[in-house]
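Following the hints, position chains B and C against chain A.
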Amino acid sequence: MHLTLHVWRQKSANDKGRLVQYEVDNISSDMSFLEMLDVFNESLIAKGEEPVAFDHDCREGICGACSLVINGIPHGPDEGTTVCQLHMRRFKDGDTIYIEPWRAKAFPVIRDLIVDRTAFDRIQQAGGFITINTGGAPDANALPIAKTEADLAMDAAACIGCGACVAACPNASAMLFVGAKVSQFLHLPQGHPERARRVKAMVEQMDAEGFGNCTNHYECMAACPKEIDVRVIAELNLEFMKAKISGRE
Amino acid sequence: MASNAGVAQSRALPGPVRFITSSIGAKVVMAVSGFVLVGFVLVHMIGNLQIFLGPEAINRYGNFLQGLGELLWVFRLGLLAALIAHVASAARLVILNQSARPINYSHNDYVQVKFAARTMPISGIVVLAFIIFHLAHFTGGKVQPELFHFQDELGQHDIYAMVTLGFQNWFISGFYIVANALLALHLSHGVSSMFQTLGVTAPAWRPLTHALGPVIGTIIFIGNVGIPLACSLGLVAIPAGAM
Amino acid sequence: MNLDAKIPDGPMAEKWDNHRFAMKLVNPANKRKYKVIVVGTGLAGASAAATMAELGYNVENYCYQDSARRAHSIAAQGGINAAKNYQNDGDSIYRLFYDTVKGGDFRSREANVYRLAQVSNAIIDQCVAQGVPFAREYGGQLANRSFGGAQVSRTFYARGQTGQQLLLGAYSALMRQVAAGTVKLVPRSEMLDLVVIDGRARGIIVRDMVTGRIYPAFGDAVVLATGGYGNVFYLSTNAMGCNVTAAYRAYKRGAGFANPCYMQIHPTCIPVTGDHQSKLTLMSESLRNDGRVWVPKAVGDKRAPNDIPEAERDYYLERRYPSFGNLVPRDVASRAAKQVCDEGRGVGATGLAVYLDFADAIKRLGRSAIEQRYGNLFHMYHKITDEDPYTMPMRIFPAVHYTMGGLWVDYNLMSTIPGLHVLGEANFSDHGANRLGASALMQGLADGYFVIPYTIGHYFGSNTFDPIDGEHPAFQEAAQAAGSRLQKLLDVKGSRSVDSFHRDLGHIMWTHCGMSRKREGLETALKEIPKLREEFWRDVRVPGSGDQLNVSLEKAGRVADFLEFSEIVVRDALAREESCGGHFREEHQTPEGEAKRDDENFSHVAVWEYKGDNEEPVMHKEQLTFDLVKPSVRSYK
Numbered sequence: 001m002h003l004t005l006h007v008w009r010q011k012s013a014n015d016k017g018r019l020v021q022y023e024v025d026n027i028s029s030d031m032s033f034l035e036m037l038d039v040f041n042e043s044l045i046a047k048g049e050e051p052v053a054f055d056h057d058c059r060e061g062i063c064g065a066c067s068l069v070i071n072g073i074p075h076g077p078d079e080g081t082t083v084c085q086l087h088m089r090r091f092k093d094g095d096t097i098y099i100e101p102w103r104a105k106a107f108p109v110i111r112d113l114i115v116d117r118t119a120f121d122r123i124q125q126a127g128g129f130i131t132i133n134t135g136g137a138p139d140a141n142a143l144p145i146a147k148t149e150a151d152l153a154m155d156a157a158a159c160i161g162c163g164a165c166v167a168a169c170p171n172a173s174a175m176l177f178v179g180a181k182v183s184q185f186l187h188l189p190q191g192h193p194e195r196a197r198r199v200k201a202m203v204e205q206m207d208a209e210g211f212g213n214c215t216n217h218y219e220c221m222a223a224c225p226k227e228i229d230v231r232v233i234a235e236l237n238l239e240f241m242k243a244k245i246s247g248r249e
Numbered sequence: 001m002a003s004n005a006g007v008a009q010s011r012a013l014p015g016p017v018r019f020i021t022s023s024i025g026a027k028v029v030m031a032v033s034g035f036v037l038v039g040f041v042l043v044h045m046i047g048n049l050q051i052f053l054g055p056e057a058i059n060r061y062g063n064f065l066q067g068l069g070e071l072l073w074v075f076r077l078g079l080l081a082a083l084i085a086h087v088a089s090a091a092r093l094v095i096l097n098q099s100a101r102p103i104n105y106s107h108n109d110y111v112q113v114k115f116a117a118r119t120m121p122i123s124g125i126v127v128l129a130f131i132i133f134h135l136a137h138f139t140g141g142k143v144q145p146e147l148f149h150f151q152d153e154l155g156q157h158d159i160y161a162m163v164t165l166g167f168q169n170w171f172i173s174g175f176y177i178v179a180n181a182l183l184a185l186h187l188s189h190g191v192s193s194m195f196q197t198l199g200v201t202a203p204a205w206r207p208l209t210h211a212l213g214p215v216i217g218t219i220i221f222i223g224n225v226g227i228p229l230a231c232s233l234g235l236v237a238i239p240a241g242a243m
Numbered sequence: 001m002n003l004d005a006k007i008p009d010g011p012m013a014e015k016w017d018n019h020r021f022a023m024k025l026v027n028p029a030n031k032r033k034y035k036v037i038v039v040g041t042g043l044a045g046a047s048a049a050a051t052m053a054e055l056g057y058n059v060e061n062y063c064y065q066d067s068a069r070r071a072h073s074i075a076a077q078g079g080i081n082a083a084k085n086y087q088n089d090g091d092s093i094y095r096l097f098y099d100t101v102k103g104g105d106f107r108s109r110e111a112n113v114y115r116l117a118q119v120s121n122a123i124i125d126q127c128v129a130q131g132v133p134f135a136r137e138y139g140g141q142l143a144n145r146s147f148g149g150a151q152v153s154r155t156f157y158a159r160g161q162t163g164q165q166l167l168l169g170a171y172s173a174l175m176r177q178v179a180a181g182t183v184k185l186v187p188r189s190e191m192l193d194l195v196v197i198d199g200r201a202r203g204i205i206v207r208d209m210v211t212g213r214i215y216p217a218f219g220d221a222v223v224l225a226t227g228g229y230g231n232v233f234y235l236s237t238n239a240m241g242c243n244v245t246a247a248y249r250a251y252k253r254g255a256g257f258a259n260p261c262y263m264q265i266h267p268t269c270i271p272v273t274g275d276h277q278s279k280l281t282l283m284s285e286s287l288r289n290d291g292r293v294w295v296p297k298a299v300g301d302k303r304a305p306n307d308i309p310e311a312e313r314d315y316y317l318e319r320r321y322p323s324f325g326n327l328v329p330r331d332v333a334s335r336a337a338k339q340v341c342d343e344g345r346g347v348g349a350t351g352l353a354v355y356l357d358f359a360d361a362i363k364r365l366g367r368s369a370i371e372q373r374y375g376n377l378f379h380m381y382h383k384i385t386d387e388d389p390y391t392m393p394m395r396i397f398p399a400v401h402y403t404m405g406g407l408w409v410d411y412n413l414m415s416t417i418p419g420l421h422v423l424g425e426a427n428f429s430d431h432g433a434n435r436l437g438a439s440a441l442m443q444g445l446a447d448g449y450f451v452i453p454y455t456i457g458h459y460f461g462s463n464t465f466d467p468i469d470g471e472h473p474a475f476q477e478a479a480q481a482a483g484s485r486l487q488k489l490l491d492v493k494g495s496r497s498v499d500s501f502h503r504d505l506g507h508i509m510w511t512h513c514g515m516s517r518k519r520e521g522l523e524t525a526l527k528e529i530p531k532l533r534e535e536f537w538r539d540v541r542v543p544g545s546g547d548q549l550n551v552s553l554e555k556a557g558r559v560a561d562f563l564e565f566s567e568i569v570v571r572d573a574l575a576r577e578e579s580c581g582g583h584f585r586e587e588h589q590t591p592e593g594e595a596k597r598d599d600e601n602f603s604h605v606a607v608w609e610y611k612g613d614n615e616e617p618v619m620h621k622e623q624l625t626f627d628l629v630k631p632s633v634r635s636y637k
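Chains as they are written, first to last, in our numbering: chain A, 1 to 249; chain B, 1 to 243; chain C, 1 to 637.
Next up, chain A with everything else stripped away, as it sits in the complex (with noise of 0.2 Å):
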């Protein structure tokens, strides 16, 4: 197939960027969309040119590196799917694709496509752990964890930090990124002894970090690659009520 691209393009931090427009040929329907890029920066090298910098990594939907917004949509058309996962049988001959980077103000990007999302990790940095130590834990099996909790608690976890829900967010909120960690430790007993103090100090690590506020769009869970549910938001709000209410730290 023959498609139409509209690529962001962007040298360095600093420079301002724009939306270049490219042809590209030779498509396969069984090709990946990662792999639709290979083949058309390939075609840039031959040129001459630089090829499109983005990030990608395991192309196997679970790293959480690629981060493309196509069309709008971040990770594109197909629900429950990273943009490595997502394949060009999605698209027609002679589409017109625009392809852009995860945009808000707390993931700055550093070139073409790939952006700094280290405030996730600097969210994860404020709480989003539980303090033990290596070497001083008892049988994994001494605390038993009803199987509906521990479903809970996985389905929480499944989140691949990819960013996608505040790329997804009309106001660049990470609610749904904090609430999946703040909800797997919520429903482990593991996570109680510190409820209060990770709550606290994740969402105001969220809030400095310049990511907008939740106000129920539910557009992160339609961009979730791991279809996360807002489940997790909810518990975040209450628990953060409880915790500042409370006053526990």
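Derived from the structure by calculation, the hints contain no laboratory data.
Check each hint, because a few of them may be wrong.
[Said to hold, decoys possible] Below, a list of computed lysine-lysine pairs in the DSBU-like style, where the Cα atoms sit at most 35 Å apart:
1. Lys114/B - Lys242/A
2. Lys24/C - Lys611/C
3. Lys531/C - Lys611/C
4. Lys105/A - Lys184/C
5. Lys47/A - Lys493/C
For chains B and C alone, coordinates are given in the frame of chain A:
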């Protein structure tokens, strides 16, 4: 790192201020003040519907309220506080949310976002303008002063005449109808949102909480629009002498 | 080359205990004075960095990804083994040890494997305490499954995302230390060289992948947890960024490289569709628990699978290995698939695939049970191939998945360069010639959580360190060399992209040094690789400059190393005149086509020593001795 300066800055504030200026706290302010306001709107609507029972009922109701004295001011100030909190928090959130995405997508496509949700600031501003107009109109008597001083047979403020005659003006009725439509739109997202913000977590409840916004919005729209519409169309008795 | 494995004395079960007592300790107040450079943030790297930081060491941790959470450990699906015996089905530390040594085709070091089995239980405890949401039974106890042909249920899992959950556990521990200021985490940075001063590893040369700055990172010890080199085949199940550069640079600085020819070919991957293919997608081998593998009996049978009657299907694994059936270990299953495809009985458009059929299981257990077990895998398969595995058998083909070979380490996980420690897939120690399913996660975390934190202290306690810094001439020299090498790549300004060379290298390797190998093929590869390398340095085109984020330049550096390293893989495959585990030499097979090991001549670890750019590397041997498990013919019949 700018972000850590932000954390330090926020920690310098007193606890309750930190709460309401945090992203979630600001939403809680929206939800709680919104709850108060929507509660008022419902009660207000039910009260006003007494206009269909005739002049006696509505005038008695209006004068009962007027007779509450200081208590009325307690309600009024409470509502004003809720309104100010709602508007101020909303204004702050809108500004923050816009700055959270300095460069927009050139090509935007929403999968999930509803029209009502996207237009909350606009519907909110119109509703706010309407509230001011409405207060000036029926509480302050500044819009149609000529209709403000009627008295009924009991010597009370004739609210029935003021309202029914006031709505003979199609511009005024039209504004009431449009504003209430936007209020309904505002509530259809706002009421459902309140449950999410206040932590109603079970996905099984979601159909209910999602339905509640549009349902309440619709009820209020029908109830509130019914009055100007009925008056304009002459479906209620218009006091002839006052014309 | 000194290949003393430093295996402690005493009975096998007491070696680790004895050793822990014998090792020197570092005074808690002094620990912060020691700085450890950790490269890699996968299971091994993150767990090591976090644990060493908890103990009080000063840690710097580098990774090439944008976040520590993205290391490729995250992609492991199936599970993690431990000898908990929660299922009361006869498991024990000894059995896990025995299975691992046997599964490795008697080419691993007994003492290391025994220790691995010993610490396996503590890993599960640790991960649960961190909040890893392992699958559970209704009563709240942990669930287990049998995996990869094990006869006991000892595998712990978190849906199909066990690697992800374990990595996020280690990542959370690491983040906690970063917040505490004990770990300095530096993402988007690539190690370009190892720096050895006075015979000891004292640091690395790093390139900041955003600004292009090349700078020294120095300390008192270096820990490499940089994963495997499967991408030498271009197509593999590894992540796109996985590379051998860190390990290869260490090799060039004097670290021995052990058993480079041992690599695991995973039998259940989605087949290649065309030249554009950038990577291969693995599907958990748990699929073989319920799926039946078959090909048509007749050569060239191109009918649709559902049109082929039962009598004309060959369930070749069940036929050849009646007792293990579809659950034979990975190497056996992969080779059998290759054999039927070589016979012309392969299926699909390319003829390079076999069927994995769930029709019987769906009939027996119902569609919903299958959906519950494998729903996400079926979904993924459907997405990638556009075929519905509930109604059509899956097509699968083997793909390079894991490399058992790696830098040689002793019992303390220290390489032949003092101070350079190597963990996880990057070392060679525990899996012999073939790794069992659900053992990689176990090994990575064992090394990081429970081995290196002890042995690094022993290294510090046994040596004195002169203070150094990045101004040391050795650092300056290495940084300069690394910079000019990149400049050289930029200056070639040839006509071919880096990827095109990588693809060619992969083709040579897969054809001549893949699932089965023979002398002529390997010798051909040894001629073709230098030719390709020469062409690469003459004709590669790397656009852009070195002082910016430059994806082509990153790849070029890695492919340049693969082009050298691949030769050692081939040399090792050539030197190992036997078939064992993942290494199959066509000259060495039984009349039935099974692998034929030669314990008399090849019961050793082959360790390669770098001798100079234009010199042939020299192979040294570490003899393997088996005190507990007597090597036998590995039979799954």
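Hints and how they fare:
1. Lys114/B - Lys242/A: holds, 30 Å
2. Lys24/C - Lys611/C: Holds - the C-alpha atoms of Lys611/C and Lys24/C are around 34 Å apart, at most 35 Å.
3. Lys531/C - Lys611/C: holds, 20 Å
4. Lys105/A - Lys184/C: It holds: about 25 Å lies between the C-alpha atoms, which stays within 35 Å.
5. Lys47/A - Lys493/C: Holds - the C-alpha atoms of Lys493/C and Lys47/A are around 12 Å apart, at most 35 Å.
In summary, the structure agrees with every hint in the numbered list given earlier.
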